[in-house]
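**Student:** Same order as they appear, the protein sequences are chains D and F. Per our numbering, residue 3 is the first one in the first sequence, and the count goes up by one each step. Per our numbering, residue 22 is the first one in the second sequence, and the count goes up by one each step.
The reader is advised that the hints may include incorrect statements.
Said to hold, decoys possible - Taking lysine to aspartate or glutamate pairs in the EDC-like style, the calculated list, with each CA pair at most 20 Å apart, reads:
(1) F/LYS45 x D/GLU21
(2) F/LYS303 x F/GLU261
(3) F/LYS49 x D/ASP62
(4) D/LYS109 x F/GLU499
(5) D/LYS168 x F/ASP516
(6) D/LYS109 x F/ASP102
(7) D/LYS109 x F/ASP104
(8) F/LYS49 x D/GLU22
(9) D/LYS168 x D/ASP62
(10) F/LYS49 x D/GLU13
(11) F/LYS45 x D/GLU22
(12) F/LYS45 x D/ASP170
(13) F/LYS375 x F/ASP348
(14) F/LYS49 x D/ASP170
(15) F/LYS45 x D/ASP62
(16) D/LYS109 x F/ASP53
(17) D/LYS109 x F/GLU55
(18) D/LYS168 x F/ASP547
(19) F/LYS549 x D/GLU21
(20) F/LYS375 x D/GLU16
(21) D/LYS109 x F/GLU59
(22) F/LYS375 x F/GLU390
(23) F/LYS45 x D/GLU13
(24) F/LYS467 x F/ASP516
(25) F/LYS375 x F/GLU429
Note that these hints are calculated values from the structure, not bench results.
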Amino acid sequence: MKGIVFNLLQEAVEAEFSEEAWDSLIDASGVSGAYTSLGSYPDEELFALVAAAAALLEKDQADILRWFGRNAMPMLQSRYPQFFASHRGARSFILSVNDIIHPEVRKLYAGASCPHFHFDEDRAGRLLLGYRSPRQLCQLAHGFIEGSLNHFGERATIEHVLCMHKGDGICRMSIDWQS
Amino acid sequence: MSALYDRFTSAPDDRIQRLERRLKREHKARLDAEAIAEAGLRALYSSQRRLALLQKVTVAANSPGGLRQSFHAALEEICTDLDLVCGIAYTVVNGGETARAIDLWFSAEPSRLFDFIELSRDAEFRLGEGLPGRVLADGQAHVLDETPDDEELPSGSLAFTSGLGSGFAFPITLAGETVAIFEFFCRRYVLLDTDLRDLLQQIGIQLGRVVERERSRQVLVHEARHDALTGLPNRIALLERISAAANARSEDALVKIMVVDLDELKRVNDLMGHSAGDQLIKHAARRLEDCVLSRQRLMTASEGSSCVSRVGGDEFIILLEGRAWIDQAKDLAAQMHQALAQPEGLPAGVSRIKASIGIARLEGAGDLEQLVRNADVAMYAAKERGGAITVEFDDSMRDTFRFRHELEQELREAIRTRQFVLNFQPIVEAADPNVIVGFEALVRWKHPQRGLIHPAEFIPTAESCGLILYLGDWVLEEACSAISRLNARGGRWADRYVAVNVAARQFLSASFSARVGELIMRKGIDPKNLRLEVTEGAAITDARRTREVLEQIRRWGVKTSLDDFGTGYSSLSYLQQLPFDTLKIDKSFVANAGETRSAQIVRTIVELARSLDLSVVAEGIENASQGKRLASLGCDYLQGYHYGHPLTESEAFARL
């Protein structure tokens, strides 16, 4: 997992709670806690931090991941304004996510595994987003989508049509701007 | 000293505040350092990507296949690398006033974009009109806006119903002049930033050199009306001679042409190199000329005249005109076969030259191109009958030719109106034939007049005219849809797979593995339910590419089978290098598995498969005793009418 994800999580926790809250999470989860955006760290550390946050706040891990994704978006915008500038709406921004993620991951580690989002559209004009990864972080993706909708001031309904957590082969979310 | 110490020491609260400020400074310094490093790495990464693509395009530009082949390879590389859905090439005609598509395109999803590509492949744009016209107007790259007007493209609305959200086009330039245009479409928004513009400009210059070479080649062909290797007249000179002969003679049937095709040439080129091939051509040219001259010398100019020309790699056309020649054509052909069969003067290792000869005569006012085509059809008929013979064109051949042409038209229509269905033939466990492990998906054509047509009757035509790419893509997509439908019903289906046949051309295309990955995601299927069957044809055509594709597909979790094993080259070296999962033993061994020799071959194949960790499927099993025999020879899985005919999707599902 890229260091930037840990950095964003830290920023989100410190902004919503406090610097001490982040320290408590580090202590409770037993992770190293030193992350640079140029580095890459075991997925387990992220899962441990999320689990610790869920336990402390008495919430589902899914809620924590969605909260994180939503709150990370404004921070991403201030760090990387160039990825947002050319888009007039959330749909176009979401469709460009592979173009953003792949170079960002591979510039550091050629051949590193990174999530690939597959896009399609159904007859009703809903955007279908397919995701298949051993990390099974579809709830984080959900949060990111909510965050981008907020960024562009839009509203849409997000539905998990297929989910690896429910035993499906892939995760698929539908995003419906109509309803 | 202690006074100095006191000056820099403060109360604990102050110290904490100072430490916090220090921490913030350090934190900011870290973020700045990361930002600097990331910006540098990102710039380096994108320039590497751009250089890699430019290099691929340069390789395509310098390939020896000529303009169409180079352009096609470049379209494919650009689409694949930049994740674009399709690319179309235009040439500039009409003194720079019009961009005209030249039926040269590449698409990662051909069956989905069939209508769009059919409309685009011969489209024309005037100056300023649509994307190509805008490029033509100012020689710059142009991008299609996110919400374009329909006038942007004559086919605009179709592009958008096909789901193509955006596109761009750029010029191929030669010394600053726009000589061709490439146009691309994709689903997402494209930002034509400075980097991408620079890259497209470089690509345009590289491909401009292809146009330059093509132009100089054409100039040379026009200027030198003779074949450089043999000194014989070339096609242009020949067609002029035929045309002059046809105009000069008013009576029918006084013009005949013979097409002579050397059966050997490709083999000689492959085995002994091109200089031996050239020697063979020169030798054949002299012999053919000698045969014609030996008869021509006995005629006066008004009785008859002739012309021996070389029109292609291994093809000669001989024009015979006048009363004296008409009855001699067959004898001349026999004399040529005999002369070419002589071993003297041939390159070492070649004992004789075999040629296929087709003869056609001009009828009535006659279309000259038709005349050449008829002779070609006759020559192909000679080749089909094994070569080294002569065939004279007659009307029944015209019917065969027309039938093929009609079949091709019907196939186009069938793809457009989706007249195909998939059937599913069970594959069972050898140890317990009641257990179905999967199905092979088999395509059938539901012809509106002729009913259900077997693939053997239309696949060869689809392959020869290129429609196999659409058809193969449809089969793959439909099989994935079937997997997804059956998967949705749950239950015992979960471990079964559907095997899909993939044509060599489809398998080797640059976008194939990405297409498989795309379909798995779009249909939401588990990759283990899909299996791809490839024949030895792909491996022989390009083993390195086959290996790459196999490795990419396996990364998705899809398994692969080598189909019809034992019929082709069955080379051990490529089998060892290529990561297949399964071998399918060809039916011909199954039918004869009772004979000792065939049984031994099957046993050898099974042992070979064991040592390479491949499972073995035997297909074409028609009765219980064949099945038992193949199971006892060690085959893991069995397939054939005995275990089930190809079934419709719902019948197949009911079998589980």
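**Student:** Check each numbered hint against the structure and report the violated ones by number, ascending.
**Tutor:** 2, 3, 4, 12, 13, 14, 15, 19, 20, 22, 24, 25
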